[in-house]
Each structure stands twice: as C-alpha cells, then as structure tokens.
Amino acid sequence: MNQFYKKLATACLLLSMSFSILALEIGKPAPEFSLPNIASTTLSSLSDYRGQVIYLDFWASWCPPCRTSFPLLEALYKKHNKAGFVVVAINIDEEIEGMERFLKLYPASFDILRDPEGEWADTYAIEAMPTSFIIDKAGVIRHIHSGFAKSDIVEIETKITELLAEGL
Amino acid sequence: MKKNKIKIISLVLILAAVSACTPVKPWERGNLALSQMALDADGQEAAFRQHTFYSKESASGGYGGHGGGCGCN
Amino acid sequence: MSLINRLSLAALALPGIVAEDAYAGRVDETFSTDFQYAHYEESNDRMEVDVFNLTAVAPIGKNFTASLDLVRDTMSGASPVLNVKDGQGNVQQFLSSASITDERDALNASLSYAFDDVDLSIGGGVSDENDYFSGHVNAGVSWALNKKLTTLNLTGSVAFDEITATGRPEINETKTSQKYLLGVTQILNKDSLIQSNMTFAYHNGYLSDPYKRVYIEDTATQVNDARPGNKFQWAWLTRYVHHFKAANKAALHADYRLYIDDWGVDAHTVELSWFQPIADGWQIVPRFRYYTQDKADFYQATFTSSNLGAIHSSDYRLAGFGSIGAGIKLTKSFLMSGFVKEVKLQTAFDYNDRKASYQIGGDNSGSFDDYSFYMVTASINARF
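Chains as they are written, first to last, in this note's numbering: chain A, 174 to 341; chain B, 262 to 334; chain C, 7 to 390.
Just chain A, with the same shape it has in the complex (with noise of 0.2 Å):
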C-alpha cells in the first residue's frame, strides 16, 4: 500500500516539476512587454515607462494578499508619482468579471494591464501570487518581491525613494 503511495507522489512530482527558460535576476534588463491597459484601446508597453522608476505588480482577484497590497500601492502611487515613480499592476484573472468586482472594492487609479492567458507571468517566471519587481529608470531589475504582507510596504517605500535619487 505504501509503495502504490509513494509511486503516486513521485509520478505527480515529476509531471508538476516545471523548469524556467528566462534566468530573471536583479540587475537583468526587465523583458520588454506589450498588453492591453484597461483604460485605454492602446497597448502598454514597458518603453512607454522608461525614465520613471516601476513597481511592476502581478496579480489576481482571487489572491487575498493582493486585496492588502492594492489601498497601500494606491496610496505609494498617489504619494511619489510626481517624483517619477509609477504603479504597473498586470491582471492575470482568466475572466474579466473576476478583475473587475475587485476594482470595485479596491479602486486603483495607476496602470492596470491584462494578461488573462498568463504569457507575460511566464516569462517574468512568476514563482507565487503575487510578485512584483521594482524596476529601475533604465528598465534593469532592481528587486524582485514574492507573495506579499503589509509590512512590506515600508521596505518597497525605501527602495522606491532610493531609485528616485538615481539619475537615468
């Protein structure tokens, strides 16, 4: 009985490992991607940010940490976007229904793109929901976060004011 066990967790071990082909590191250049924002009919890309520093955030309706990071996000975004500082915020909900019952409890008023069949979380080798990296002003890596806590704020808020000072 053990053995048909342990053949059973080996199995679905090997059929779940998955292997990242795109080595995101920090101090890599952020992939450059293109997807439609929900304000506009126009894509977003990540050129159209380059110059200012970038939280680039995924997330997703269903992930309750993203509920805690979205009023705290708004208020950083609403605090340092003058100085250049701007909130990316990638929706990989799968139906837009999902996305936009949580916009409605937790408005948002940076950049909210749409990923619903995840191409773009694959390449950046999203790991667990949500991450988010912190890009610099030339597009580099400069931090990358996995999961989040509301104490997390304090150490983004740091690294933000940090890349503010950095000339391009």
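Hint data in this document are derived by calculation from the structure and do not stem from the laboratory.
Quick caveat: nothing in here was measured; it's all calculated off a predicted structure.
By construction, the Cβ of each residue, glycine as well, lies at the ideal position given by its N, Cα and C atoms.
You may find that some hints are simply not true.
[What the hints assert, rightly or not] Only pairs whose alpha carbons sit at most 25 Å apart, straight line, appear in this in silico DSS-like list of lysine-lysine:
(1) C:Lys-68 - A:Lys-332
(2) A:Lys-323 - A:Lys-251
(3) C:Lys-153 - C:Lys-68
(4) C:Lys-347 - A:Lys-277
(5) A:Lys-310 - A:Lys-277
(6) C:Lys-361 - C:Lys-91
(7) A:Lys-201 - A:Lys-310
(8) C:Lys-196 - B:Lys-286
(9) C:Lys-68 - A:Lys-323
(10) A:Lys-277 - C:Lys-91
(11) B:Lys-286 - C:Lys-251
(12) B:Lys-286 - A:Lys-201
[Said to hold, decoys possible] Footprint (simulated), chain B over chain A, 3 or more residues, beta carbon under 8 Å:
(13) 269-283
(14) 319-327
With chain A held as given, fit chains B and C onto it using these hints.
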C-alpha cells in the same frame, strides 16, 4: 482478502489521480482558490459534524491537514 | 445520561481544525471571528444537544497566527442503557429516564508560525463537564513542495482524560489517547485536487461506558459494560474536489474513508457534496452520506452466562448497522473593503437514518437499536 481489496481500491484511486496530473502554474490557481473548492471552508461545521458522527458511530479520524487553494505568499 | 454521548462532544483532539480559509499557509492577514449555533435531536424523545461555538483567529506580526475556540454544549434527554429480552424472546432497548440538563465547556487554543514553505503549529485545550474532564496538546507541521502543488501534513496529539460517574462513586478512572495523522494534499490540475490522510489512534485506560450495562438472559441479571483496556484505530480518508466551470463554477466533493480498529469494527464512510453558487455571493450545497460498520467482537444485544466473558458490551455504537444521511446548506457572503472585509451567513439542515438493515453484509438482527436524528446549524463569520 481484505488486503487485496485495499490494494485494488488504492490502485484505482492512484491511476485516476495520476492520469489527471498536470503542472499548474502559480497564476493558474484561480479556480482552486474559490471557497467552494476548499477542503474545509467551514471549520466549525466540520468539527460539529465529526463530533456528532463520532459519538454515534465507531469510526473516527482521517480529517485534517492543509493544502490546495491559491498557494499565495 | 450516556457517557459515550458525552465522550462524543468531549475533547476530541482535532489538530488543524480551526475556522480555515481556502488557502494554504499563512496567507491571510485578516482577523476573523466565527459564531455557530448547532442543534442535534434524536427520534423517540431521546437525546437533544445545543452547541454554541465561538472561534477567533488573529495574525500576529508577519508570521504568527493565534486562534482561540470556545464551546458550550447543553445536553438533555434519554439514552439507551441496556437491552432486555421480553416474554416472546424479542430484544427491547431500555432507556435511562430523561435526565436534567448537563453542560460541557471546552476551550482550545493554537499558535502557528509560517515560514516560506513550512507551517508549524502547536495547540492545546481542555474540556470539562461534571463527570468527565479531558486535556490535550497537539503539534503539527505542513510542508508545501513542488511549487506549492503538493502539501505534506503530519500532526500528533495526546489527550489525558479523567472519568467519574454520577451514581457510581467507585468510578474514578483515567484514559490516555495518542493520535497521529500523516497525509498529502495534491493539486491534480487547474480544476481538481485530492487529499489522502491516514490516522492512527491508540487509547489506554478506562474505555468502558460507566452508564451502560449488559443483560444476562438465563439469570435475568445485569452487569456493567466492560471493554478492553486498550484500543487501536486506523483510518484512511481520501477526499477529491473537482471544479465544474460550466455549472456556474460549481464544485463536487467526494470523500471515502476506510476504518479498521482492533475491537473488530470495520467501517466505510462515503460523503458527497455539491457546492452550487447561485446569484451573487449565494451558495447552496446539497449533500449525501452513507456509513456502514461491523459489530465489535465483544458486542451482543444480550448475553448468557456462558458467553458473557470478561469483556462484554451492548452499546448500540458497537453494533452492526448502517446510516444514510442527506442535508442541505445555504451560505451568503458579503465582500466589502472597509474595516470589515467579509461577512458570511450560513445555515444547514441534515437528517440521518440509522438502521441495522442498512449495513453492508449485516445480519439485520439489531433493528431494536434503530433511530434517526437531525442537525441544524446557523453561523455568522466575519473577517476584518
């Protein structure tokens, strides 16, 4: 005889499970995160039901453990 | 008042059963409070129980979660004491006279710490009523592997009980129990998951029911219920959950549990539930349950001087029987973004029919023991 029955049941369960096994990416867990997909969405009710059945029947045990859901953080 | 019925609601170390969310690990940073009222009632003016349960869960810092659980049970009504044979040789059940209300209070607390992929928890609790006291401690570890698609669970608990009996001052006994769980939860694909757990329980000490007796036919006398001084129980539960997107995101839950103990009882349990979302935030959940068990080796409805032995019981819980149950649950969830994040209202009704004839492979000789019961629950859950 009983041991053979157990082996057959477990083999069927395992084959059914393994045949359905596909890797799920972290951003594809939306359906699994739904409350109706949780193993014990209502802990108090589960405790009451199990108490009741344990008091009226001989069998008990088996319940417990985490897993499934959105896998966040 | 049956001790076994009390044991039912007495401290059952249930490691891991706190008001759980649908998520693995310490994902939620919300506080939650849950209050449930439950009512249990048997047929034929037998036992009736009211249960009040309050649970509170609080996150502490970034990694700790603490929970507190309070229970108050109030029980009343008659229960079977022994079986006698009437003039025609038919077995009749004899019940205790409906007694005064009995109360039981229980408190459980737990603390857990969430690492990246590992969750550790410890807990303990006490349960107290006038003739039964139980204290327990438990510990558990949960390990998420394989990009959190696989979760391994290991828990252990130890309980120490003190037993007395109203009307039997000579009863001043103890019992110790150990229970272990080893299990795996595996995500199969985007729409389904499976959990399979094995539990092992060892009990030592006074395991009889001091309020029950057995009847000796040839001498027309009664002696006290006498069970072995130890018991080993093994259970294997497998739970499967499948999502049906086309049915408005419904979910099917199918459980099967195999149970074997060394008192000779084998049991099978099957439970099916269908979670159907309807309209905004509403869910309706019909469910079905089937249970069957063998009789214990030392169980007999009545005994004779020759087959009495040192170990004997006529407790209906140890007889051969089956039970068929069905129920329905309704829940409504309100999601908000203010101080209160979610309020959920839930109510459920279940009916169970226990009959000797429902047993698979039974000899249908215990219909005098047949009865039915219903359960009603209502609860309010809030997250902050």
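Quick rundown of the hints versus the structure:
Proposed proximity of Lys-68 of chain C and Lys-332 of chain A is supported: the alpha carbons are some 20 Å apart, at most 25 Å. Between Lys-323 of chain A and Lys-251 of chain A the CA atoms are separated by roughly 18 Å; this keeps the pair inside 25 Å, and the hint holds. Among the hinted pairs, Lys-153 of chain C with Lys-68 of chain C is consistent with the structure: their alpha-carbon atoms are about 21 Å apart, no more than 25 Å. With a CA separation close to 13 Å, the supplied pair Lys-347 of chain C and Lys-277 of chain A stays within the 25 Å bound.
Annotation: proposed proximity of Lys-310 of chain A to Lys-277 of chain A is violated, straight-line Cα distance about 31 Å (limit 25 Å). Proposed proximity of Lys-361 of chain C and Lys-91 of chain C is supported: the alpha carbons are some 20 Å apart, at most 25 Å. At most 25 Å may separate the alpha-carbon atoms for a hinted pair to count; Lys-201 of chain A and Lys-310 of chain A meet this at roughly 13 Å. Of the pairs offered as hints, the one joining Lys-196 of chain C and Lys-286 of chain B holds, with about 9 Å between alpha carbons and a cut-off of 25 Å not exceeded.
With a CA separation close to 8 Å, the supplied pair Lys-68 of chain C and Lys-323 of chain A stays within the 25 Å bound. Using a Cα cut-off of 25 Å, the hinted pair Lys-277 of chain A and Lys-91 of chain C is violated, with the two alpha carbons roughly 70 Å apart. Proposed proximity of Lys-286 of chain B and Lys-251 of chain C is supported: the alpha carbons are some 18 Å apart, at most 25 Å. Distance hint between Lys-286 of chain B and Lys-201 of chain A is fulfilled; the C-alpha atoms sit about 23 Å from each other, no more than 25 Å.
For the region 269-283 of chain A, the assignment as covered by chain B is violated, since 1 residues bring a beta-carbon within under 8 Å of that chain's beta-carbons and 3 are needed. Requiring three or more residues with a Cβ within less than 8 Å of a Cβ of chain B, the coverage given for the region 319-327 of chain A holds, as 4 such residues are present.
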